[in-house]
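Student: Residue numbers (the working numbering), protein chains in the order written: chain A, 29 to 769; chain B, 18 to 168.
The reader is advised that the hints may include incorrect statements.
[Stated by the list, open to error] Here are the simulated lysine-lysine pairs, BS3-like style, with alpha carbons at most 27 Å apart: (1) Lys613(A) / Lys539(A); (2) Lys210(A) / Lys169(A); (3) Lys169(A) / Lys89(A); (4) Lys104(B) / Lys120(A); (5) Lys104(B) / Lys224(A); (6) Lys474(A) / Lys613(A); (7) Lys120(A) / Lys101(B); (8) Lys224(A) / Lys134(B); (9) Lys89(A) / Lys358(A); (10) Lys220(A) / Lys134(B); (11) Lys474(A) / Lys579(A); (12) Lys224(A) / Lys214(A).
Simulated from the structure, these hints should not be mistaken for laboratory data. Everything numeric in this text was worked out from a predicted model, so none of it was measured.
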Amino acid sequence: MNIETNRRDLLKGAGALVLAFELPASEAAAQQAAAAPPPLPGSLRNNPKVSSWLRIEADGKIRLLVGKVELGQGILTAVSQICADELDIDMKRLSITSGDTWLSPNEGTTAGSFSMPDCGTAVRAVSADARRILLGLASQKLGAEADKLVVSDGTVRAPDGKQTTYWELVSGQELEVPATGKSPTKPASARKYIGKNITRIDIPPKATGSLIWIQDLRPDGMVHGRVVRPPQYDAKLINADLDAARKLPGVIEVVRDGSFLGVVAQREEQAINAAAALRQSARWDMPKEAPASDTVHDWLLAQKTKDVVIKDQAKPANLTAAATIEQTYKRPFVMHASIGPSTAIGTLTEDGVMTVQTHSQSVFETGAAIAQMLGMDKTKVRMQHVQGCACYGHNGADDAAADAALLARAVPGKPVRIQWSRNDEHKWEPYNSAMLLKTKAEVDAKGDIIDWRFELWSTSHGTRPGNNAGNLLPARHLAKPFPMPEPVNGGPPNYAADRNAIPLYDFPGQKVTTHFISSFAARASSTRGLGAYSNVFAIESFIDELAARAKVDPLEYRLRHLKDERGRAVLQKAAETFGWSNFKKQPGRGRGIAFARYKNLAAFTAIVVEVDVNAATGKIRVLRAVAANDSGEVVSPDGVKNQIEGGLIQSLSWTLKEGVRYDASGVRSEDWTSYPILTFTEVPPVEVVLIDRPGTPFLGTGEASQGPTSAALANAVFDAVGVRVRDLPLTPARVKAAINA
Amino acid sequence: MTALKVNGRTQDVSAPDDAPLLYVLRNDLKYNGPKYGCGLSQCGACTVIIDGQAVRSCVTSIGSVVGQEITTLEGLGDMSAPHKLQKAFMDENAAQCGYCMNGMIMRAKVLLDNNPKPTDGEIRQALDGNLCRCGAHNRIVRAVLRASQEA
Ligand code: FES
Ligand code: FES
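This is chain A alone, in the form it adopts within the complex:
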């Protein structure tokens, strides 16, 4: 397997070597329309040409082109497994081009746990189509019926021993057809890769220091850029000593455009030193007032909101309430906090093309936003995805790409590499919004829920570039700034702030209201799970409180209210794996369970954790965790487990430790000391069990454990020491205060 980093060679080869299933886009569309077929599966819908996805090259290489990108979720391995199986080739024969806006199919953003449903589904269908077409050709050539042919790594054999290869077969126009999405796919028994655990294709290079990361690209003549960001979101640059900076060793260019201040230097440490000098000389106009993290929940309630009732189901008239219970839950801003800060390389070449290597999740839309920022034609900006550190959502990647483009424009011909500092990343990435959640339930005499009310307050979870320069950080700081567009909340079926706010339980009466705030207390955007983390925390904490009030086992109480079979199955599987029914309660220890189906349409996940709580200090130790997950058909069992376990541990970190601190002077969480995360000695053993459902659709996995983990933890603390902490994170101080209250 070979992941291309030098895309120029590929482009050069595209004319002569690539014998592809090309069909002019208009013709493909016309054929599509004429046949009026049912919609194609996954991302084929918007990219119906086979040649958009697969190319068979004369040297026997098979190139898979995908629009989704590797973020550490293992997607390139998973789609390679699918492609190799459906096409009957060895995985080694595959090369992948992913996220190149000039070459790859446009699959939009790689987010929302859509990689497998969109890309995996499309790759399966298109590979099966290609195999069918190739076998048809082989059948003619070899004079044997297609279903008698045997394929091994692209070599097709007839019963009489005659043989040919895919790359001999593909020679001209006859292959130019749009995808059908209808070719038969491999039965489980005939698969070599799908469903098997293999070493992920990107791990050997990463483990040995081979070139694979964007950080490792060193184009000839590369120089280093750094941007000096304002001390505070709305600070305006009055002046800075640009001349002094220009005289520093190695400095090639100093750029000031409004409040955008940057430097380009020969060596990396020279760029860092020059940026430090600029920072020191800069004078800023600071806003007098700004929201502060300590009072963020008051701030949320004080804002003008857009209110939408997203679920309204009246309680049947025959049910009468024995009691009404209300609670409020809170969570602060939390950051993505990638270990590797955002990086990009921009180059403006003589042909007037701006090429940006980036680890953006949304190369297509970010490319369009950068073109707008630069006042360039969209077709003149080429974005190429190269792997960066995992991002867990919209972090600084796109802004760093814009930084690189702005500085590259100032030094035409020179590739400018930008790497944000730790301080830049912590202070400027868009966070996961703080939220406030109010719950209210009516219960009957048995304590069962007959009416459920849920209200949430949140700022935006979606300010990705989305073709608009106003969503790029540096574009907002220019002398002629691009104003940030007013954010909108994502609606059904996925939702955004209100993701997972509608419970999957069958409560007779239900009302869910979103109070969406379009202003910002701190910069915010999509972070793993969006609102689901907070909403599931509140729902699954509250249901636990109601179970305790009804004196019913929390597992049993959930099952009573849940008809969904797959939901019940993961709850039961997690409980059984944990040993729920024979759990021996010890002083200071407790167990907690929680469940959600991510977005109410993706993977099902139930989580059980066991904790030890030190009543004197309030410190929580997580002793172990169990997750049961149903992601539909499993392509890579180890990949799914990895995502679920990783998400679980990250969510433990959010829930136990994390909250961004900021005030009028700026963000105060500026490094790993002021914003600590979970470390090795705090990470519990985690067991993940999968319920595989062969033949059912792929359900996105990557964000499924964030929500249930938080509530399982809070529920375990309650079980251990009898107190409820509804204000995240569950710090020792808060737990101790609750115990002593």
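Given the structure of chain A, go ahead and fit chain B with the ligands onto it with the hints provided.
Tutor: Here is chain B with the ligands on its own, set in the frame of chain A:
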């Protein structure tokens, strides 16, 4: 000119004495292993081994390591002949993104050199200052245990 001994080879670099070793390794000598994570000695992504010790190259000046034996991830092995730790990280898929992996492997190498059969707890203690945001911790511990069982 400063002469640095990296992975057994002495190489001349023309960089000031106070230049951070991390940038010199990455930019002048073109090693990919050590990664920038924080530049503050807080995360471990930039770890290299110097005279048998795990050292954070982001806060180490080249002037301070002249004449010492510097080993980077590349110095352990390559794709065709990986070191047992590198092999174990591959076999365990001990990463999500893998950005932290350089630091994990280099720190674990020093641990195994000093304590060939560490316990789970000893591995966690040794790696406690190396941050991973992806939650790959348990896989990483398993990989180090696996490597410790290889001859
Ligand atoms: S980069 Fe050196 S410790 Fe983080
Ligand atoms: S695997 Fe991504 S930071 Fe550790």
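Student: All the hints need checking, so say for each whether the structure fits it.
Tutor: Each hint, compared with the structure:
1. Lys613(A) / Lys539(A): violated (36 Å)
2. Lys210(A) / Lys169(A): Roughly 24 Å separates the two Cα atoms, so the pair holds.
3. Lys169(A) / Lys89(A): holds (21 Å)
4. Lys104(B) / Lys120(A): Distance of about 19 Å is within 27 Å: holds.
5. Lys104(B) / Lys224(A): It holds: about 19 Å lies between the C-alpha atoms, which stays within 27 Å.
6. Lys474(A) / Lys613(A): holds (25 Å)
7. Lys120(A) / Lys101(B): Given that 27 Å is the threshold and the Cα spacing comes to 23 Å, the pair holds.
8. Lys224(A) / Lys134(B): violated (31 Å)
9. Lys89(A) / Lys358(A): violated (53 Å)
10. Lys220(A) / Lys134(B): Distance ~36 Å between Lys220(A) and Lys134(B) Cα, so the pair is violated.
11. Lys474(A) / Lys579(A): Distance ~9 Å between Lys474(A) and Lys579(A) Cα, so the pair holds.
12. Lys224(A) / Lys214(A): Holds - the C-alpha atoms of Lys214(A) and Lys224(A) are around 15 Å apart, at most 27 Å.
Hint compliance for this structure: hints 1, 8, 9, 10 are not met, and every other hint is.
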